[in-house]
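> The lines below spell out each chain.
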Amino acid sequence: MLIYVTGGARSGKSRFAEERARQLGGDAVTYLATAQPLDAEMQARIERHRADRPPRWITVEEPLELERAVQAAPTPVVLLDCLSLWVSNLLLRGDSEAQMLKAAGDLLATQRRRGGTLIAVSNEVGLGIVPDNALARQYRDALGRVNQAAAAAADEAYLLVSGLEVKLK
Amino acid sequence: MLIYVTGGARSGKSRFAEERARQLGGDAVTYLATAQPLDAEMQARIERHRADRPPRWITVEEPLELERAVQAAPTPVVLLDCLSLWVSNLLLRGDSEAQMLKAAGDLLATQRRRGGTLIAVSNEVGLGIVPDNALARQYRDALGRVNQAAAAAADEAYLLVSGLEVKLK
Amino acid sequence: MLIYVTGGARSGKSRFAEERARQLGGDAVTYLATAQPLDAEMQARIERHRADRPPRWITVEEPLELERAVQAAPTPVVLLDCLSLWVSNLLLRGDSEAQMLKAAGDLLATQRRRGGTLIAVSNEVGLGIVPDNALARQYRDALGRVNQAAAAAADEAYLLVSGLEVKLK
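Chains as they are written, first to last, in the numbering used here: chain W, 52 to 220; chain E, 52 to 220; chain G, 52 to 220.
Please note: incorrect hints may appear among the correct ones.
Stated by the list, open to error - List time: in silico DSS-like cross-link candidates among lysine-lysine, alpha-carbon distance up to 25 Å:
(1) W:K218 x E:K218
(2) E:K153 x E:K220
(3) W:K220 x E:K153
(4) G:K220 x G:K153
(5) E:K220 x G:K153
(6) G:K220 x W:K218
(7) E:K153 x G:K220
(8) W:K220 x W:K153
(9) E:K218 x G:K153
(10) G:K218 x W:K220
Quick caveat, the hints were computed from the structure, so don't treat them as lab data.
Given the sequences, and given the hints that come with them, work out the whole structure.
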């Protein structure tokens, strides 16, 4: 099963996804983190998030090879947080949009074969003014398409707004 | 009939609108394009969108005079993509917000008189941080009001999120 | 009772909130304004909004001390527009996120004790690209958490999109 959870920054999407993971997996959840602590601000965000999670969950840090990480996950329930940082990591190493869509398709296919439940969190970043910066435009295009692929494959999908969910499917 | 389709960048709104147009008009659809190929990036976006559309649809390129173009459309079903670029084009030629609202009102009134179906696509651009740039603030204010006018007049309205629709009315 | 109304810039949230206030309070509404006319553009926005409101409503301008202002409101129905400017004002005077969340909690508790109806308007600002500016990131984080606190405490919550409402709860 695939559950897709999206929303803006600080919309409560990680908390919502964690509650779903707890309902479905209890203490047996693999938390698949794509964040890389590249600076002090990011490090602080990662620590703050970690402190909110149940202590017995298994944390796997994998910025790039998500298909392999999902395949190797030691529990049926995997919480992937988040697709948006993954796309950012792929963009920074030079992947094209086509490569990202291929990687996203492979990840979703592997999840279907694996069984269990993947809860995939992402960000909506396309609802502001067009960014001046070409890389930012490339990022929001690529992420938009990856999000569409994940949402299309999902059994359930939610948009979080101010901590409240809108069921998309 | 008026169908209003909004969403962020790469939210699947054009694809959703195209599917509705195909359901309602089959091969007899006028695609009313407001985009102007001002640079290579824009040109590439326009080409990519065009390749996704049925080859027998009629494409009319009209960056500014939408009322006239809707009036003259050779098919009952018209797909207008998009109001957001139209507002940008009007702003760049120096129209005031009041002039844009007048033009939007005229367009909507002409559509009611004409009959047939207009599917109008737009962007939501007001859900990010307030832009530093005064022109960008002016744009999001004007577009927000044009979007409200179109949505108020619509028989159906949808918000697209990650390719999935939320029915607004 | 607490009614929470959110949305992007020019999404129709103030108008929606004003209609709810008129339904509930008629001419007996306290309009609690957090905007400060710091420049000509802001002054013009404030004037435009004021001209749209019923002339007999009582306007109270309070950029910071909302708990006290709600407690002292001369009518049962209070329309607070908006939490997002309040958070901006608190940030500019140097409050930490923890202080803001404390102040928001105090405001919500005071409203529960007071009875009557508070309609609280806010902005969604987290659905664009991550801002370059550290203060802007701090702002959207703080506002996101204040919005979540208000939405969680609300009896009714709405997201406005192009002037149309999505009921969140």
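> List, from low to high, the hint numbers that the structure doesn't satisfy.
Violated: hints 3, 5, 7 and 9.
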